[in-house]
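Colleague: Reminder that position 108 of the sequence shown reads as 108 in my numbering, one-by-one numbering, no gaps.
Be careful, since some hints might not be right.
Said to hold, decoys possible - Computed Cβ-Cβ distance ranges for the label pairs, DEER-style:
#1 Ala24 with Glu376: 50 to 58 Å
#2 Arg206 with Leu365: 27 to 35 Å
#3 Gln226 with Ser8: 41 to 49 Å
#4 Ile65 with Arg180: 36 to 44 Å
#5 His284 with Glu364: 38 to 46 Å
#6 Arg87 with Ser3: 48 to 56 Å
#7 Thr140 with Leu4: 29 to 37 Å
#8 Gly147 with Pro268: 50 to 58 Å
#9 Val383 with Ala340: 40 to 48 Å
#10 Ser269 with Gly128: 27 to 35 Å
#11 Pro268 with Arg131: 39 to 47 Å
#12 Ile65 with Pro377: 30 to 38 Å
Treat the hints as calculated values from the structure; they're not laboratory data.
Positions of the beta carbon are idealized from the N, C-alpha and C atoms, including for glycine.
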Amino acid sequence: MSSLPEPSAEARAQSARLLELIAAEIGCSGGWVPFSRYMELALYAPGQGYYSGGARKFGPGGDFITAPELTPLFGQALATQVEQGMRASAMALIEVGAGTGLLAADMLLELERRACLPDTYEILELSGELRERQFDTLATRVPHLAGRVRWLDALPDRFAGVVVANEVLDVMPVHLVVSRAQGLFERGVALAADVPGASRLCWADRPARGAVLAGAQALDLPVPEQGEYVTELNLAGNAWVAAWAERIERGLMLLIDYGYPRAEYYLPSRSGGTLLCYYRHHAHGDPFLWPGLNDITAFVDFTAVAEAAYGAGLDVLGYANQAQFLFNCGVLDCLERRGARESADYIRAARAAQRLTAPHEMGELFKVLALGRGVEPPLQGFVRGDRLHTL
1 MSSLPEPSAE ARAQSARLLE LIAAEIGCSG GWVPFSRYME LALYAPGQGY YSGGARKFGP
61 GGDFITAPEL TPLFGQALAT QVEQGMRASA MALIEVGAGT GLLAADMLLE LERRACLPDT
121 YEILELSGEL RERQFDTLAT RVPHLAGRVR WLDALPDRFA GVVVANEVLD VMPVHLVVSR
181 AQGLFERGVA LAADVPGASR LCWADRPARG AVLAGAQALD LPVPEQGEYV TELNLAGNAW
241 VAAWAERIER GLMLLIDYGY PRAEYYLPSR SGGTLLCYYR HHAHGDPFLW PGLNDITAFV
301 DFTAVAEAAY GAGLDVLGYA NQAQFLFNCG VLDCLERRGA RESADYIRAA RAAQRLTAPH
361 EMGELFKVLA LGRGVEPPLQ GFVRGDRLHT L
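Please take these sequences and the hints and turn them into a complete structure.
Modeller: Here it is in structure tokens:
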């Protein structure tokens with residue numbers, strides 16, 4: 001951890017306040033909370049969690065860069081699939097977790113160019129600080145379209161149209177499951193006795209029970225003869241997708257995130273799980289370091305998401321890596337619109353497109369899963385390279 005930049009005194013104080021809140025909850029919960037609850041508090045505790053505490057998160061000055069931060073090409077290509085979905089259902093669009101608002105601005109401009117603007121563009125965003133950034137981004141970049149956008153506090157009761165969620169599932173609180181020769185355990189968080197500061201937090205395992213035990217048993221996890229196998233179980237993500245299934249009357253849901261199908265997620269070689277933290281563009285593996293100042297993420301089990309959606313009545317319409325999806329949606333055509341190939345703007349855009357699509361960058365690691373109801377395939381984003389058979 002010595003390579004990480006030091007937080008400011010103000011940031012450390014904010015983290016210390018959150019730590020006290022977490023410690024108090026652990027104390028009130030009998031000395032132990034599941035990691036999913038710790039992750040929920042670390043990311044979303046009102047006014048103190050990572051996504052609700054006001055620190056800059058996205059872009060060069062934040063902790064990580066998402067695809068919309070790299071280039072407008074991502075939103076322009078994604079608009080191809082959004083247009084098809086809206087024309088097959090209703091001219092309405094909801095973006096979940098809109099970050100800085102750049103994806104909304106890019107898609108609105110591209111949909112306007114295509115004469116396919118949604119009647120409503122809604123953003124489901126729980127962070128007040130991010131809502132302000134999104135509002136400012138839209139007012140600056142698309143002032144003539146900003147009036148179409150409104151913000152939601154919760155999932156709608158009913159919806160027809162297209163739902164887009166880019167890098168949302170990976171930050172939903174996960175349970176940690178430990179497989180040993182002695183059985184299945186859930187890894188939680190406790191307080192170390194007589195230890196001050198952030199190191200007060202420590203790991204503590206209990207026998208898995210209830211929904212966690214049932215979910216872990218269904219995975220048929222590797223059982224090492226010695227040591228342990230640690231992985232994640234995203235029950236919240238599965239429930240969230242099922243909740244959308246109850247509300248989507250007709251339309252399309254596009255989930256974009258990094259992850260694997262189940263056969264790759266739970267490989268014996270992946271014995272340490274996929275949990276990662278991000279701080280100032282540094283990845284590390286200590287979720288107890290400076291609570292509230294780090295993003296905490298886990299890769300997505302896309303098989304589990306697809307099963308949850310199908311079990312709740314949605315159709316599973318397509319699954320592809322991000323590179324193939326963007327190529328199918330015409331990202332190279334969007335690039336050609338940038339002008340002369342020798343221009344500085346084109347060269348910058350081409351480099352960004354490479355990051356989006358190269359196998360060693362985001363092209364293979366990120367996947368796109370399409371779910372829907374009342375929308376007939378084939379979908380443009382999956383006409384070639386659909387990997388539904390791998391789920």
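Colleague: State for each hint whether it applies.
Modeller: We went through each hint and held it up to the structure:
1. Ala24 with Glu376: 50 to 58 Å: At 53 Å between Cβs, range holds.
2. Arg206 with Leu365: 27 to 35 Å: Given range 27 to 35 Å: holds, Cβ gap about 33 Å.
3. Gln226 with Ser8: 41 to 49 Å: holds, 44 Å
4. Ile65 with Arg180: 36 to 44 Å: holds, 38 Å
5. His284 with Glu364: 38 to 46 Å: Between His284 and Glu364, where Cβ atoms are some 23 Å apart, the hint is violated.
6. Arg87 with Ser3: 48 to 56 Å: holds, 49 Å
7. Thr140 with Leu4: 29 to 37 Å: Because 32 Å falls inside the window, the suggested range holds.
8. Gly147 with Pro268: 50 to 58 Å: holds, 54 Å
9. Val383 with Ala340: 40 to 48 Å: Because 30 Å falls outside the window, the suggested range is violated.
10. Ser269 with Gly128: 27 to 35 Å: violated, 42 Å
11. Pro268 with Arg131: 39 to 47 Å: Because 43 Å falls inside the window, the suggested range holds.
12. Ile65 with Pro377: 30 to 38 Å: 32 Å Cβ-Cβ, so the 30 to 38 Å window holds.
Against the hints set out earlier in the document, violations occur for numbers 5, 9, 10.
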